[in-house]
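Colleague: Using the sequences and the accompanying hints, generate a full structural model.
From first to last, the protein sequence lines stand for chains R and Z. Heads up: the first sequence is residues 1 to 117, going by this note's numbering. Heads up: the second sequence is residues 1 to 115, going by this note's numbering.
Rather than coming from a laboratory, the hints here were simulated on the basis of the structure. Quantities reported herein were computed from a predicted structural model and do not represent experimental measurements. For glycine and all other residues, C-beta sits at the position ideal for the given N, C-alpha and C. Errors might be hidden in some of the hints.
Taking lysine-lysine pairs in the BS3-like style, the calculated list, with each CA pair at most 25 Å apart, reads [what the hints assert, rightly or not]:
(1) 109/R / 42/Z
(2) 3/R / 109/R
(3) 38/R / 42/Z
(4) 42/Z / 70/R
(5) 109/R / 57/Z
(6) 3/R / 83/Z
(7) 70/R / 3/R
(8) 16/R / 38/R
Not the full set, but computed from the structure, chain Z residues with beta-carbon under 10 Å of chain R [claimed, not checked]:
(9) 41
(10) 43
(11) 45
(12) 56
(13) 89
(14) 106
Derived Cβ-Cβ restraints for the label pairs, each shown as a range [stated by the list, open to error]:
(15) 40/R / 50/Z: 46 to 54 Å
(16) 28/Z / 14/R: 44 to 52 Å
(17) 5/Z / 52/R: 23 to 31 Å
(18) 41/R / 3/Z: 37 to 45 Å
(19) 12/Z / 60/R: 40 to 48 Å
(20) 17/Z / 62/R: 43 to 51 Å
(21) 41/Z / 14/R: 40 to 48 Å
(22) 52/R / 55/Z: 16 to 24 Å
(23) 9/Z / 63/R: 25 to 33 Å
(24) 14/Z / 56/R: 30 to 38 Å
(25) 9/R / 9/Z: 44 to 52 Å
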Amino acid sequence: AQKVTQAQTEISVVEKEDVTLDCVYETRDTTYYLFWYKQPPSGELVFLIRRNSFDEQNEISGRYSWNFQKSTSSFNFTITASQVVDSAVYFCALSEANENRDDKIIFGKGTRLHILP
Amino acid sequence: EPEVTQTPSHQVTQMGQEVILHCVPISNHLYFYWYRQILGQKVEFLVSFYNNEISEKSEIFDDQFSVERPDGSNFTLKIRSTKLEDSAMYFCASSDRTGEGYGYTFGSGTRLTVV
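Modeller: Have a look at this one:
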């Protein structure tokens, strides 16, 4: 069965510190997609990244970086030099990519990130 | 960039009333979804829809819920007799199962408040 675990319920850091949000997933499939979404107080889901299971290269986008390790079934997200605008709830998510099955997205419970000025 | 459009952004309804949430998926997408997020909780899958029929539904999606694609552009979620516990943010999504990550796109959500 699919499952996404975000063990950190809430994190607070002071502005300009680096912060890593952890994500561990479970799936029976060899082909799947992993996602991170940001949900600001306004409520919408802001897409951050989508990574397929065959691409284990780490990704960097500005202050954001992602570390995908299949050996530990983890897909962690790091914000470097955090800013107050990064304050939000962050969701890690998983979708199985088998063409014969539905590609619904399974979300973790989210990590609420507070960046303190 | 193409968007999934949801209306209204906020709906208040009385318990027991029927409510219809509207979504306009991205025009060339063929797969449609509804998700629900109760305040402070995670986003949960409700239903997926393809080729004019439901392809999968979760345990949450009981007989009170239905989905419809009444024309070539809209995708609706109906709740027949709303309960207080239906208060949540409802997200519509669509995908085309091509390209990286199947082009999965979420709308900005409808916040439903049942009073």
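Colleague: Hints first: check each against the structure and report whether it holds.
Modeller: Hint by hint, here is what the structure shows:
Between the alpha carbons of residue 109/R and residue 42/Z the distance comes to roughly 5 Å, so the proposed pair stays at or under 25 Å and holds. Taken as a hint, the residue 3/R and residue 109/R pair is honoured in the structure, with Cα atoms around 10 Å apart against an allowance of 25 Å. Restraint check for residue 38/R and residue 42/Z: satisfied, since their Cα atoms lie roughly 12 Å apart, inside the 25 Å limit. Using a Cα cut-off of 25 Å, the hinted pair residue 42/Z and residue 70/R holds, with the two alpha carbons roughly 24 Å apart.
Pair hint residue 109/R plus residue 57/Z holds up; C-alpha atoms about 20 Å apart against a cutoff of 25 Å. For a cut-off of 25 Å, the pair hint linking residue 3/R to residue 83/Z is broken: about 28 Å separates their Cα positions. Taking the CA atoms of residue 70/R and residue 3/R, the gap is near 15 Å; set against the 25 Å cutoff, the hint holds. With a C-alpha separation of about 19 Å, the suggested pairing of residue 16/R with residue 38/R holds against the 25 Å cut-off.
Checking residue 41/Z against chain R: minimum C-beta separation of about 7 Å stays under 10 Å; hint holds. For residue 43/Z, the shortest C-beta to C-beta distance to chain R is roughly 4 Å, which falls under 10 Å, so the interface hint holds. Interface restraint check for residue 45/Z: the shortest CB-CB distance to chain R comes to about 4 Å, inside 10 Å, so the restraint holds. With a cut of 10 Å, the hint placing residue 56/Z at the interface with chain R holds, because the nearest CB-to-CB distance is about 4 Å.
Given hint, residue 89/Z at the interface with chain R, holds; its Cβ is 6 Å from that chain's nearest Cβ, closer than 10 Å. Contact between residue 106/Z and chain R, as hinted, is supported at the beta carbon level, the nearest pair being about 5 Å apart and thus within 10 Å. Checked against the given bound of 46 to 54 Å, the beta carbons of residue 40/R and residue 50/Z, roughly 31 Å apart, lie outside it. The beta-carbon spacing between residue 28/Z and residue 14/R, approximately 45 Å, falls within the hinted interval of 44 to 52 Å.
At roughly 28 Å, the beta-carbon separation of residue 5/Z and residue 52/R lies within the given 23 to 31 Å, and the hint holds. For the hinted restraint 37 to 45 Å between residue 41/R and residue 3/Z, the CB-CB distance of approximately 21 Å leaves it violated. Look at residue 12/Z against residue 60/R: about 43 Å separates their beta carbons, and that is inside 40 to 48 Å. At about 46 Å, the beta-carbon gap between residue 17/Z and residue 62/R stays in the expected band of 43 to 51 Å.
A C-beta distance of roughly 28 Å is found between residue 41/Z and residue 14/R, which places it outside the suggested range of 40 to 48 Å. Our hint of 16 to 24 Å for residue 52/R and residue 55/Z holds, since their Cβ atoms are close to 21 Å apart. For residue 9/Z paired with residue 63/R, a C-beta distance near 30 Å keeps the hint of 25 to 33 Å intact. At about 52 Å, the CB distance of residue 14/Z to residue 56/R disagrees with the hint of 30 to 38 Å.
Hint check: residue 9/R to residue 9/Z, Cβ distance near 28 Å, so the stated range 44 to 52 Å is violated.
Taken one by one, the earlier hints fail for this structure at numbers 6, 15, 18, 21, 24, 25, listed in ascending order.
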